[in-house]
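Take a look at the letters that make up each chain.
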Amino acid sequence: MTDLESPSAGDRIWSGLLSSRDVATRPFRRARHGWRSSLYLRVVLTTLALSLVVLVVLAQFLLGRVTDGLLAAKERSALDEARAGLAQAQLLADAAERGGGDPVSNVALVDGIARQLANRAGNPSIYEVLLLGSPGNLISDVPEFGSNQVSAASVPVALREAVRDKQRQSSTYTEITYADDRVAVPGFAVGAPLALPEVGSYELYYLFPLSQEADTLALVKRTLAVAGIALVLLLGGIAWLVTRQVVSPVRMAARTAEQFSAGRLEERMAVVGEDDLAKLATSFNQMASSLQGQIRQLEDLSRVQRRFVSDVSHELRTPLTTVRMAADVLHDARQDFDPATSRSAELLQTQLDRFELLLADLLEISRYDAGAALLEAEPVDLVELARRSLEAAEPHAERKGSELVLEAPTTPCIAVVDGRRVSRILTNLLGNAVEHGEGRPVLLTVAADRHAVAISVRDHGVGLRPGESALVFNRFWRADPARARSTGGTGLGLAIALEDAHLHGGWLQGWGVPGDGCNFRLTLPRKSRADLEGSPLPLEPTDARTDRRVPLAAAAPVPRVR
Amino acid sequence: MKGRVLVVDDDTALAEMLGIVLRGEGFEPFFCFDGAKAFDAFRETRPDLVLLDLMLPGRDGIDVAKQIRAESGVPIVMLTAKGDTIDVVLGLESGADDYVVKPFKPKELVARVRARLRPSQDPAQGALSIGDLTIDVAGHAVRRGQELINLTPLEFDLLVALARKPWQVFTRELLLDQVWGYRHAADTRLVNVHVQRLRSKIERDPENPEIVVTVRGVGYKAGASGGE
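If you read the protein sequences in the order shown, they are chains A and U. If you use my numbering, the first sequence closes out at 562, no skipped numbers anywhere. If you use my numbering, the second sequence closes out at 228, no skipped numbers anywhere.
Calculated directly from the structure, the hints in this document are not laboratory data. Some clues are possibly wrong.
According to the in silico footprint, chain U covers these stretches of chain A (three or more CB under 8 angstroms from chain U) [said to hold, decoys possible]:
no., region
1, 39 to 50
2, 326 to 337
3, 409 to 421
In this text, a Cβ means the ideal position worked out from N, Cα and C, and glycines have one as well.
The task is simple: from the sequences and hints, build the whole structure.
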């Protein structure tokens, strides 16, 4: 990371924008997450929404039909009533004419007709009557009449024009207003022209209040709304219940599967009835049994393997011990032998050492392969451990002419680790560093932060070619196949060290540049098996020659996740 | 004659080779090739030290170690082909004082045998006290009040080492050096297991030790003298 350019101002602004957008979309994301994760929520909400739509459409339709039905009947009776009224008015008018027209009684005539018509409405009146003089009447000051103080404004202008123009009965919906302080009510107005001889042309209007129908409609609306809401809630509840029947077993299956995967292999689902869910449970249980069987089998195999490793270990080591002791006795007495036999005793001795190391490493790695490696973690001061490893490597370093330098904090770095394994890793890293360090100093650095402790081993030897830093951890890998094998080591050291690091939940990484040496960094969590997030030490040493720096991607192996 | 050593091993070739090496170093070896007969051989020969193979026909080396330990505090050094933690710890818990892992070098074995046979270096006179115990160094006896507590020589050495310097915290490495005689880094589990064994004998409550106290991350030290 240190190698990357620092972000430009533009990048920063852009990332700022991104984060603010992030904040805005958070509730939306949460809702979306709830929607995606809960089958309950999805089914119930979908049912609610769909039933709401259906109900609204249905209610609209019903309301329309009821309104139409109510009004159509009212309209028919109103028209009939108005027609009858008109006929009677015309009769009255004609009778008045025959009786000899007294102009003075014009007012009385109009009043009389209107009153008679109004009386037909009964008490309380089921309609109002309005007798209005047409504009352009021959006589000015025409008497007009309205029953029950109904206002002439109740008749819409459009209706009056229609009546005058067409000279026949017309009707419309209107709002009936009154001259006194009664509230306006919705109504139906029917009008027709009425000619009064010698008095002039009049318009007779019947106004039917629809307040009763309006009340009925309001009641229907209210009932529909209440019933609708109740129905929607009921449907939601039903959906919830039905979903529960399906989801509960599914959730139970999920729980069982979780426990199963957590290692409780005897966990099974309860099979109830013979429905699809029971089938699911049965299949799940069959799968679990089959898995359990296979796992058991693998465990048995692993046990057999471990047993085999242990047996081979014993069977090989006992004769090897005898050979070893015999060789030692011969080696100690080699001065008494002739040169050839003496040299043979020496070779026997050194090769037995190598054989022994190889056997030990092979057994160790096979223990890892069998999954039989156990972590014996306890609090250990890694500074002290590093110091001891350094002291142990001192004789080897002296032979090679390398100086060993320890750079560590003065305070102890306590971490919960398996001291034997960590010490083995350090011994191996130091051994490699001295072996390939070409007599230059080897630096051992210890550092710690709150979560992790890191130890790095830096040499200034031949280094590694690009890509090799990942290969070094491979079993029996050698930097140069042509190079003599006499440089010691079994070829398994780093592979075992890597396994040791992984057993701790730690990292072991290598860095190297040709001619600039290597750096191997071990990072261990302070608490046993805690997750590592970073290392207190850089993988690329600070004293690396920058001009020969290789791209990090090529040099740093990705830490293998356990 | 430096000491009588009983070699219990089913592998005759190895036993013979062990005999050659031990004799070369001036010890007097006795042999037993069968675990079932090991205890009788032990009673018969009254050795100063037992070299015990952990895997034996007839009777497991661990059982033999328990049987011998029930009767005697004689030093037992295990020969084990297993580096596995569990086996080593089991062997140590069953009563072995030390172990060598096959294949070992003769010098390594002889060093282990010598270390276990060496008499306590400085037979300081008088009595030491640690916790509520009194130690009679010359008489090799540990008492709580009048009650005598039976310790093996190794456990006794371990307790004395801690009691001599009650102010000092002993790292496991230091104890390995002083009590077991390891000059170089060795298996610290030796210390852990023997501290557990020692505690089970001397502590009133081995779960909450008051005499041999753990110092987290460092090692052990003697508990406050005269404590309850």
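Each hint, compared with the structure:
1. 39 to 50: violated (count 0)
2. 326 to 337: holds (count 3)
3. 409 to 421: holds (count 4)
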